[in-house]
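Peer 1: Under my numbering, the first residue of the sequence shown is numbered 1, with each subsequent residue one higher.
One should not assume that every hint holds.
[What the hints assert, rightly or not] Dumping the calculated SDA-like pairs for lysine to any residue here, alpha-carbon to alpha-carbon at most 25 Å:
#, residue 1, residue 2
1, K166, P108
2, K482, E539
3, K482, E553
4, K166, G180
5, K343, R133
[Unchecked claim] Across the chosen pairs, the derived CB separations fall in these ranges:
#, residue 1, residue 2, range
6, G579, A536, 52 to 58 Å
7, G479, S416, 46 to 52 Å
8, M581, Q247, 24 to 30 Å
9, D387, R249, 27 to 33 Å
10, T2, P528, 47 to 53 Å
11, G480, T565, 18 to 24 Å
12, G96, A489, 54 to 60 Å
Don't read these hints as lab results, they were simulated from the structure.
The structure presented is a predicted model; accordingly, all values stated were derived computationally and were not measured.
Glycine included, every Cβ here is placed at the ideal spot set by N, Cα and C.
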Amino acid sequence: MTTDQYLAELGQQFRVDAVRATSTAGSGHATSSMSAADLMAVLFARYLRYDFDWPDHPGNDHLILSKGHASPLLYAAYKAAGVITDEELLTFREYGSRLEGHPTPRLPWVDVATGSLGQGLPIGVGIALAGQRLDEMPYRVWVLCGDSEMAEGSVWEAFEHAGFEKLGNLTLIVDVNRLGQRGPTRHQWDLDAYARRARAFGWHTVEVDGHDPAAIDTAYAEAIGVQDRPTAILARTVKGRGVAAAQDREGMHGKPLPDTREAVEELGGVRNLTVEVRRPPAAMAPRQAHGVHADLPRYRVGDRVATRNAYGEALAAVGTDRPDVVALDGEVGDSTRSEFFAKEHPDRFFECYIAEQELIATAVGMQVRGRTPFVSTFAAFLTRAHDFLRMAAVSRAGISVAGSHAGVAIGEDGPSQMGLEDLAMLRSVHGSTVLYPCDANQTARLVAGMTDGAGVRYLRTSRGKTPVIYGPDEEFPVGGSKVLRSSDADRLTIVAAGVTVHEALAAADELAADGIPVRVLDLYSVKPVDARALWAAAEETGCLLTVEDHRPEGGLGDAVLDAFTDGRPVPRLLRLAVGNMPGSATPEEQLREAGIDARAIATAARRHVAEAGATNAAAA
């Protein structure tokens, strides 16, 4: 029986083990772990429902430690639950250890990586939303966060989203220990300040002494009893609780306690209590994954179709074949064309409104539950959510992201709406895939291929209509490319993607009329890049001219250059990219002003041919 005395002792054990782990490591967050120890003890002993032998059990509760720096507390709880040993606990922060400084899914019981503050609750909302609207399972989502991260805007995006959706299966536990990294938090121990804000977003709130096991137990029971809205438990705690040298003292954040032996003695010594976490009720059979055999839309060569339209139509078709596919949008579905999916599959479409951090976080949460999410918004607005994309990779999350309205080609809307940094941003994400189609059939095929991909997959789509140049049965493997113009006499290779493919083709036709044959390579897979095709083009034509509707830093040009970083001879590389600050103008005017239209491409090619001819003449 888990008496209140047992819970108090278990909390002390968690504190002792946090002190021991951080002391052995010589680094880590002991005091932040100590403040929340009693909150974790009651949760594990009386409320969490989890089968540690079956981490993917569909009925498992989900626990997200949003204050990921308090990982020693989580690992201490895992030790008490019997899933890690004391010996492993003391490998904390060591090279090769599963017990990293902040928790990641290297541990099978960790759903998502945390440590970038303000992400746990937004992701928890996604998991809870899946439980309420899709899974219809009785699991609960518990998020333990710190008071410092309550200053993050993403937290309040999540508060509003959860309140609007009335997520009664979501409980947030706020460890209000008053101290942040460099000093007091904004509201310190003013629990009512947090409560007023939470209630304004439609949450139920409970204020509690975070070191009183009986009061914590009552608060958790109250939270479970509230079915029509999420609950925030605001717990007043003391950082470094139980050790006089550290308790409520500034300057102790992120540091081991100065005298481990004395601290352990003050906490009552090493204990070896165990906790039996109750398993969830019998579960449904796990969802079976399957490949895409969707009846994709087919477009006629010569027609003019916007790739964003093809994305929406293909996504709707994939959704018909794959019940695990869900679509999320940031209130621009009529522009991104995710509205096509919403009309066909309204029960699997999720409007996240203009809250891009919460948009990505919700998708990450849904993939925890075995869903296959597609996220859509303007490419430019994804910059707000870059940290969530970065952390999605750390979480080993599988999500597909579509950024529409990319580049200056969107026209009159001007620079605030133009995604000009997105390729660089997504290429830099670990393990990501970055795709940039130029026509409708290519887009449809790539959407279908993304469904079973791994990691963060990004598809860049365009606003305006472009000619369909590929047949509907053409294949576009990730990591591939397509040669659209080629001859043995080519003087250089134009490497393009998306809208610039059509400009490159027009330039090639103009140059051919002048007796200057050039190769045109559609590099639709920006990451991974088709290095072999680039090597061959460099060897056979001697020069690569990249042209992109993107800033020169980090985009197509850099992707091409990276193909030659293995020691191969680097060919002559010429780049055309958006180096100006655009204003409002037509798409044609924008491309011309940026120097990436057919005329600019042809001019650059002629200059290269003339310079090469002069060099050869001088050498002769």
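Peer 1: Each hint should be assessed against the structure and marked as holding or not.
Peer 2: Results for each hint:
| no. | hint | verdict |
| --- | --- | --- |
| 1 | K166 x P108 | 29 Å, violated |
| 2 | K482 x E539 | 17 Å, holds |
| 3 | K482 x E553 | 24 Å, holds |
| 4 | K166 x G180 | 30 Å, violated |
| 5 | K343 x R133 | 17 Å, holds |
| 6 | G579 x A536: 52 to 58 Å | 29 Å, violated |
| 7 | G479 x S416: 46 to 52 Å | 33 Å, violated |
| 8 | M581 x Q247: 24 to 30 Å | 54 Å, violated |
| 9 | D387 x R249: 27 to 33 Å | 30 Å, holds |
| 10 | T2 x P528: 47 to 53 Å | 52 Å, holds |
| 11 | G480 x T565: 18 to 24 Å | 20 Å, holds |
| 12 | G96 x A489: 54 to 60 Å | 56 Å, holds |
The structure does not agree with the numbered hints 1, 4, 6, 7, 8 stated previously, though it agrees with the rest.
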